[in-house]
Amino acid sequence: MSEIETRLESLGITLPEAPKPLGNFAPYLIDGEFLYISGQISVDLGGNIHRGKLGETVSLEQGQVAAKWCAVGLLARAKAALGTLDRVEKLIKLGAFVNAIPDFIDHPKVVNGASDFFVEVLGPEKANHVRFAVGSSSLPAGAAVEIEAVFRIQV
Amino acid sequence: MSEIETRLESLGITLPEAPKPLGNFAPYLIDGEFLYISGQISVDLGGNIHRGKLGETVSLEQGQVAAKWCAVGLLARAKAALGTLDRVEKLIKLGAFVNAIPDFIDHPKVVNGASDFFVEVLGPEKANHVRFAVGSSSLPAGAAVEIEAVFRIQV
Amino acid sequence: MSEIETRLESLGITLPEAPKPLGNFAPYLIDGEFLYISGQISVDLGGNIHRGKLGETVSLEQGQVAAKWCAVGLLARAKAALGTLDRVEKLIKLGAFVNAIPDFIDHPKVVNGASDFFVEVLGPEKANHVRFAVGSSSLPAGAAVEIEAVFRIQV
Chain X
5 MSEIETRLES LGITLPEAPK PLGNFAPYLI DGEFLYISGQ ISVDLGGNIH
55 RGKLGETVSL EQGQVAAKWC AVGLLARAKA ALGTLDRVEK LIKLGAFVNA
105 IPDFIDHPKV VNGASDFFVE VLGPEKANHV RFAVGSSSLP AGAAVEIEAV
155 FRIQV
Chain P
5 MSEIETRLES LGITLPEAPK PLGNFAPYLI DGEFLYISGQ ISVDLGGNIH
55 RGKLGETVSL EQGQVAAKWC AVGLLARAKA ALGTLDRVEK LIKLGAFVNA
105 IPDFIDHPKV VNGASDFFVE VLGPEKANHV RFAVGSSSLP AGAAVEIEAV
155 FRIQV
Chain G
5 MSEIETRLES LGITLPEAPK PLGNFAPYLI DGEFLYISGQ ISVDLGGNIH
55 RGKLGETVSL EQGQVAAKWC AVGLLARAKA ALGTLDRVEK LIKLGAFVNA
105 IPDFIDHPKV VNGASDFFVE VLGPEKANHV RFAVGSSSLP AGAAVEIEAV
155 FRIQV
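Residue numbers (the working numbering), protein chains in the order written: chain X, 5 to 159; chain P, 5 to 159; chain G, 5 to 159.
No wet-lab data here; the hints were simulated from the structure. Warning: the hint list may mix true and false statements.
Heads up, the list lumps identical chains together, so a pair's fine if it works in one copy or across two of them.
[Claimed, not checked] List of simulated lysine to any residue pairs, SDA-like, C-alpha gap at most 25 Å:
id, residue 1, residue 2
1, Lys24, Leu64
2, Lys130, Ala22
3, Lys130, Asn52
4, Lys24, Asp35
5, Lys24, Glu129
6, Lys94, Gly27
7, Lys113, Glu65
8, Lys94, Phe38
9, Lys130, Gly36
10, Lys94, Arg156
11, Lys130, Leu26
12, Lys24, Asp107
13, Lys94, Glu65
14, Lys94, Leu64
15, Lys94, Pro106
16, Lys130, Glu37
17, Lys130, Pro23
18, Lys94, Pro23
19, Lys24, Val47
20, Lys24, Lys113
21, Lys113, Gly146
22, Lys24, Pro128
23, Lys113, Val159
24, Lys130, Gly27
25, Lys24, Asp110
26, Lys24, Ile109
Next up, chain X with everything else stripped away, as it sits in the complex:
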């Protein structure tokens, strides 16, 4: 088992099958040294979509959990793409959309649920990424969070 998957196991997480896209596109794409992963909504290991809006029906803590499930789904897709997560050299970027009401202002804290998870699993060096975190008035399937990712990989 890869080092990264050992860390996942110690966190109680067995990666699910890579979530299928909700449309006519690829869940992931390898181009040269980069792995691009499509926007991943917040779906937990039981297949339940974490729905709702921050500032309304979803608390900050619930939003952070939703963001973590996006990160788990992104890793599940990365494993499906690469065979093993040991081929991940670096998380380059996250693009994060938080389903929120107009008054919400804590998007960074929500998305830390994903960023912190990547640091924990990949280690601080490989996980040191740029990101944007913004509000969306609505997201696919009513999900609370959607995150896309770009990784540098071993070819």
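Add chains P and G to chain X, keeping to what the hints say.
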């Protein structure tokens, strides 16, 4: 005529002049093996902007048509950048923003209007792309959809 | 002093310390010939966040100023990453999110506040970039604008 333009013709589409940007930026940019195209709003062959919000004044079917017009505009800009669409090797990524009310949940179906079009025109292999599809509370000129794209190209 | 910083000085702008990220991620990241900069909210030289929504509490002119402060923050981070802005070869892309009410339609004019600034400081050739400009129903800390950037750099 290129193979791709023959397919476009069979769909009844003659690419328009590349839509001009609504600001002080480039409609497209070639950097090495990549062609980046700026966010393209939903404008049809007659120059009409498809406006409105999904879940309110725009039906799912109308939204899919709007997304298709974004894709047509992206191809028009690609042709302007490359001279011929035969230089397109691969659609890498779409970033799609859907003008929608807070309760809307079918962004993926809307954006399939663009993804399906690319599959039809470029073929399933060249068109196999990653994407995100999210809701925006508002878009430039009140457009229903805005989509940016990255292509891999022959240099 | 670099040519670019001389131009900044003539505009009355001394780059501030690079704004720190509002979460567990990197303010910038160099990968090969590219410099990626995390989403930067509108913060002026005095450290004040320019808050509010376009179409409501923020005028078009105020929004353009807010977008300019995002650009200044992006340059401050670029300088922190590169040592000197002379290593900037090209602004490749801006991804711009405008905090706006559902009826707002002038996102491109707002984001020109950033694009025009880059043209002024980097010159028209280096600053010729692609971008998207969309509406967000909410942004971190209530900021009026958030912009991410990708630059090509001298390695």
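### Task
List in ascending order the numbers of the hints, as given earlier, that are violated by the structure.
Violated hints: 3, 13, 14, 15 and 23; rest satisfied.
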